[in-house]
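**Student:** What follows is each chain in one-letter form.
2 protein chains.
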Amino acid sequence: MSEENGLDVFGQKWLPRLEAEMRVVLSAPSNAARRHYQMMHYHMGWVDESFQPGAFGTGKRIRPLLCLMACEAVGGDPALALPAAAAVEILHNFSLIHDDIEDGDETRRHRPTLWTIYGVPQAINVGDGMFTLAFASLLRSKQAGVADDRVVAALGRFTACCAALTEGQHLDMWFETQSHVQVADYLRMIEGKTASLVATSLSLGALIGGATPVADDALYGFGHHLGLAFQIQDDILGIWGDPGVTGKAAGNDILRRKKSLPLLYALNHPTVGPQLIDHLAQPLDESDLSDVYALLAASDAQAFAEEQMHSHHEAGLSALAEALGDQAVTSPLRALADDLLLRRA
Amino acid sequence: MSEENGLDVFGQKWLPRLEAEMRVVLSAPSNAARRHYQMMHYHMGWVDESFQPGAFGTGKRIRPLLCLMACEAVGGDPALALPAAAAVEILHNFSLIHDDIEDGDETRRHRPTLWTIYGVPQAINVGDGMFTLAFASLLRSKQAGVADDRVVAALGRFTACCAALTEGQHLDMWFETQSHVQVADYLRMIEGKTASLVATSLSLGALIGGATPVADDALYGFGHHLGLAFQIQDDILGIWGDPGVTGKAAGNDILRRKKSLPLLYALNHPTVGPQLIDHLAQPLDESDLSDVYALLAASDAQAFAEEQMHSHHEAGLSALAEALGDQAVTSPLRALADDLLLRRA
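Residue numbers (this note's numbering), protein chains in the order written: chain S, 39 to 383; chain P, 39 to 383.
Just so you know, the hints here were simulated from the structure itself, not pulled from any lab data. The beta carbon of each residue, even a glycine, is placed where N, CA and C say it ideally should be. Treat the hints with caution; some may be incorrect.
As a list, the in silico SDA-like pairs of lysine to any residue whose alpha-carbon atoms are at most 25 Å apart [unchecked claim]:
#1 LYS180(S) to THR154(P)
#2 LYS286(S) to THR309(S)
#3 LYS297(S) to ASP255(S)
#4 LYS296(P) to SER328(P)
#5 LYS180(P) to LYS296(S)
#6 LYS180(S) to VAL190(P)
#7 LYS180(S) to ALA191(P)
#8 LYS180(P) to ALA191(S)
#9 LYS286(S) to PRO251(S)
#10 LYS286(P) to ALA335(P)
#11 LYS180(S) to ALA185(P)
#12 LYS180(P) to VAL190(S)
#13 LYS180(P) to GLY194(S)
#14 LYS296(S) to ALA341(S)
#15 LYS180(P) to ALA117(P)
#16 LYS180(S) to ASP255(P)
#17 LYS51(P) to ASN69(P)
#18 LYS296(S) to ARG73(P)
#19 LYS296(P) to ARG73(S)
#20 LYS180(P) to ASP255(P)
#21 LYS180(S) to PRO67(S)
#22 LYS297(P) to GLN320(P)
#23 LYS98(S) to THR284(S)
#24 LYS296(P) to GLN320(S)
#25 LYS297(S) to LEU318(S)
#26 LYS180(S) to ASN69(P)
#27 LYS180(S) to THR250(P)
#28 LYS297(P) to GLN320(S)
#29 LYS286(S) to VAL252(S)
#30 LYS297(S) to ASN69(P)
#31 LYS286(P) to ARG188(P)
Coverage of chain P stretches by chain S, computed from C-beta distances (three or more under 8 Å per stretch; other residues unrestricted) [unchecked claim]:
#32 84 to 98
#33 153 to 162
#34 188 to 198
#35 243 to 251
#36 328 to 342
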């Protein structure tokens with residue numbers, strides 16, 4: 039990430055204010071339910087298991103940064119969009135709490151997941167609490183000075199995004215029970231699970247910054263394509279990433295039979311597909327990886343996925359140009375998009 | 039329920055329209071995620087396990103009726119409040135889906151609970167979907183013709199209610215792990231779990247009907263006291279109700295050691311408490327019930343609970359009179375409150 043693209047400068051200015059906003063929204067009332075909120079603080083990386091303050095992994099805050107940048111890009115004051123930025127980050131974190139339960143994941147950001155410590159019942163309810171506070175955060179836009187019609191429009195986008203998130207998660211779990219999944223269905227799933235919230239983050243910032251409907255839609259489109267490109271990049275790195283850089287074991291996604299874009303493309307390939315299906319139907323260990331990689335290569339799955347990624351990257355940049363005109367090229371949004379898609383981990 | 043109080047007439051007119059509104063909000067898009075919505079329809083009592091239409095138990099729709107009645111009581115058109123009424127009923131149903139998972143309950147309205155059929159992961163996500171659609175429903179008020187400032191005010195009440203629900207559920211689960219619970223803490227719990235949504239149902243109808251802030255607050259207060267009285271009545275019936283009327287086995291709440299108001303009052307009684315604690319620390323069966331009932335009688339727990347119930351009933355009627363003046367006496371809200379608290383099941 040280079041200094042001159044303005045990304046670091048923007049983050050240094052706004053991330054501490056975002057953090058402060060989220061701490062206000064998620065603050066514990068001084069009553070018997072305090073523990074309910076302290077569990078949220080554990081998940082956010084603010085406290086340890088015993089609720090003692092500390093600095094733990096918090097994630098990259100990409101979505102709220104996109105929200106604040108979009109607000110500035112359309113000529114608004116990012117301070118007005120702080121409640122909305124906090125809302126998208128809190129919503130994202132709520133979805134991780136429930137996803138971790140649903141997927142049985144025991145580790146998140148190098149720490150035990152919430153449900154492994156406090157039990158599934160409390161963790162479900164803590165997720166519901168954070169879901170609620172995401173809406174509460176967005177409603178604070180009114181106190182920040184956003185007009186009622188903009189608040190209602192933002193809530194419309196936000197609610198549609200929540201519906202898309204649950205549809206995407208439904209499909210993700212449903213696919214795990216299906217032997218055959220089409221590439222188009224997979225793309226619909228990541229549209230719901232990933233692209234929708236990225237797009238909504240940008241749209242909320244745009245709406246609050248006073249964007250025209252055309253600019254708002256264009257920024258939503260930029261986020262939609264960016265989100266898809268980002269997820270496809272993630273899928274590619276999960277199979278061909280450098281383990282020394284990604285921190286994940288080589289072939290990990292293959293050994294887990296994770297339904298990602300390259301694997302589904304190869305499974306649907308007319309000649310490679312049947313052979314790959316046979317391979318995956320048997321127990322897999324590291325000695326099988328070279329055969330699977332050879333089949334993936336024979337199907338051109340990597341080229342297909344990279345083409346998809348680049349095509350969404352390009353479509354995203356077109357949408358950004360439509361939204362911002364000449365300013366698109368020097369916008370920190372452009373820098374962030376390029377950074378995300380050139381990453382190697 | 040007598041004809042002349044207007045309750046039946048109101049329900050016959052508005053319940054079918056409420057049902058239609060909820061079916062629109064929870065309608066399945068014709069895409070791969072259709073099954074996600076069909077699971078909601080199962081929980082709502084509209085379809086069977088295989089998603090074939092049928093008529094199953096749906097609950098009494100008390101909350102949406104209160105919402106629509108409050109709108110009419112302040113001079114508004116109940117049609118404007120249909121989206122809000124649908125929202126409170128959908129929110130209530132969402133909370134039941136997650137509560138059933140958290141409590142491990144296998145039966146609801148004489149049918150298997152959602153999680154027992156489709157698994158915990160999908161059921162958590164279906165709950166999240168309905169939580170989302172409760173907000174989507176409330177936002178439809180705008181399309182119904184409600185002004186933006188009223189929509190934002192209603193969303194503020196609704197979000198605060200969601201937070202109270204999760205706090206109440208947190209306390210309920212937390213109390214199960216505690217040997218000693220104070221009566222005041224218990225009342226705080228049912229305030230969050232029960233009274234808050236009843237109060238909010240009334241307030242949303244009032245806000246949408248154009249109530250003054252004073253009338254809105256008074257109707258909220260009416261709902262708050264009504265909700266508390268209703269829950270305390272439920273607690274009393276759980277211990278002293280006629281099994282032939284309630285349909286529950288005699289002493290069921292005692293055998294389950296359910297932390298209800300009369301039991302907690304007796305457990306906190308200076309002389310009876312220690313004896314009751316000893317009893318409950320040992321395995322319980324029906325032969326122990328007469329001893330437990332004798333201890334409850336010695337503590338005057340029933341009189342205490344009934345006094346609490348009547349006091350909330352009275353406070354509720356005062357609030358209703360404050361909100362509606364002379365019309366309070368003949369209002370269907372008054373009839374519904376009296377009906378609920380004179381019930382024997």
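**Student:** Take the hints in turn and mark each one as holding or not.
**Tutor:** Against the structure, the hints:
1. LYS180(S) to THR154(P): 42 Å, violated
2. LYS286(S) to THR309(S): 30 Å, violated
3. LYS297(S) to ASP255(S): 31 Å, violated
4. LYS296(P) to SER328(P): Given that 25 Å is the threshold and the Cα spacing comes to 17 Å, the pair holds.
5. LYS180(P) to LYS296(S): 43 Å, violated
6. LYS180(S) to VAL190(P): It holds: about 9 Å lies between the C-alpha atoms, which stays within 25 Å.
7. LYS180(S) to ALA191(P): 10 Å, holds
8. LYS180(P) to ALA191(S): The given pair, whose Cα atoms are some 10 Å apart, holds under the 25 Å limit.
9. LYS286(S) to PRO251(S): 42 Å, violated
10. LYS286(P) to ALA335(P): 21 Å, holds
11. LYS180(S) to ALA185(P): 15 Å, holds
12. LYS180(P) to VAL190(S): Holds: LYS180(P) and VAL190(S) sit about 9 Å apart, inside 25 Å.
13. LYS180(P) to GLY194(S): 10 Å, holds
14. LYS296(S) to ALA341(S): 19 Å, holds
15. LYS180(P) to ALA117(P): Distance ~12 Å between LYS180(P) and ALA117(P) Cα, so the pair holds.
16. LYS180(S) to ASP255(P): 21 Å, holds
17. LYS51(P) to ASN69(P): 34 Å, violated
18. LYS296(S) to ARG73(P): Roughly 22 Å between the alpha carbons, so the hint for LYS296(S) and ARG73(P) holds.
19. LYS296(P) to ARG73(S): The hint holds at about 22 Å.
20. LYS180(P) to ASP255(P): 22 Å, holds
21. LYS180(S) to PRO67(S): At roughly 22 Å apart (the allowed maximum being 25 Å), PRO67(S) and LYS180(S) satisfy the hint.
22. LYS297(P) to GLN320(P): 16 Å, holds
23. LYS98(S) to THR284(S): 15 Å, holds
24. LYS296(P) to GLN320(S): Judged against 25 Å, a Cα distance of about 50 Å means the pair is violated.
25. LYS297(S) to LEU318(S): 12 Å, holds
26. LYS180(S) to ASN69(P): Violated - the C-alpha atoms of ASN69(P) and LYS180(S) are around 35 Å apart, more than 25 Å.
27. LYS180(S) to THR250(P): Between LYS180(S) and THR250(P) the Cα gap is close to 20 Å, so the pair holds against 25 Å.
28. LYS297(P) to GLN320(S): Cα-Cα ~52 Å, so violated.
29. LYS286(S) to VAL252(S): 41 Å, violated
30. LYS297(S) to ASN69(P): Holds, at roughly 20 Å.
31. LYS286(P) to ARG188(P): Status violated; Cα separation ~43 Å.
32. 84 to 98: It is violated: at least three residues are needed, and the stretch 84 to 98 of chain P offers just 0 whose Cβ sits closer than 8 Å to chain S.
33. 153 to 162: holds (count 4)
34. 188 to 198: Answer holds; 6 residues pass the 8 Å Cβ test.
35. 243 to 251: With 0 residues close enough to chain S, the hint is violated.
36. 328 to 342: With 0 residues in contact (Cβ-Cβ under 8 Å with chain S), the coverage given for the stretch 328 to 342 of chain P is violated.
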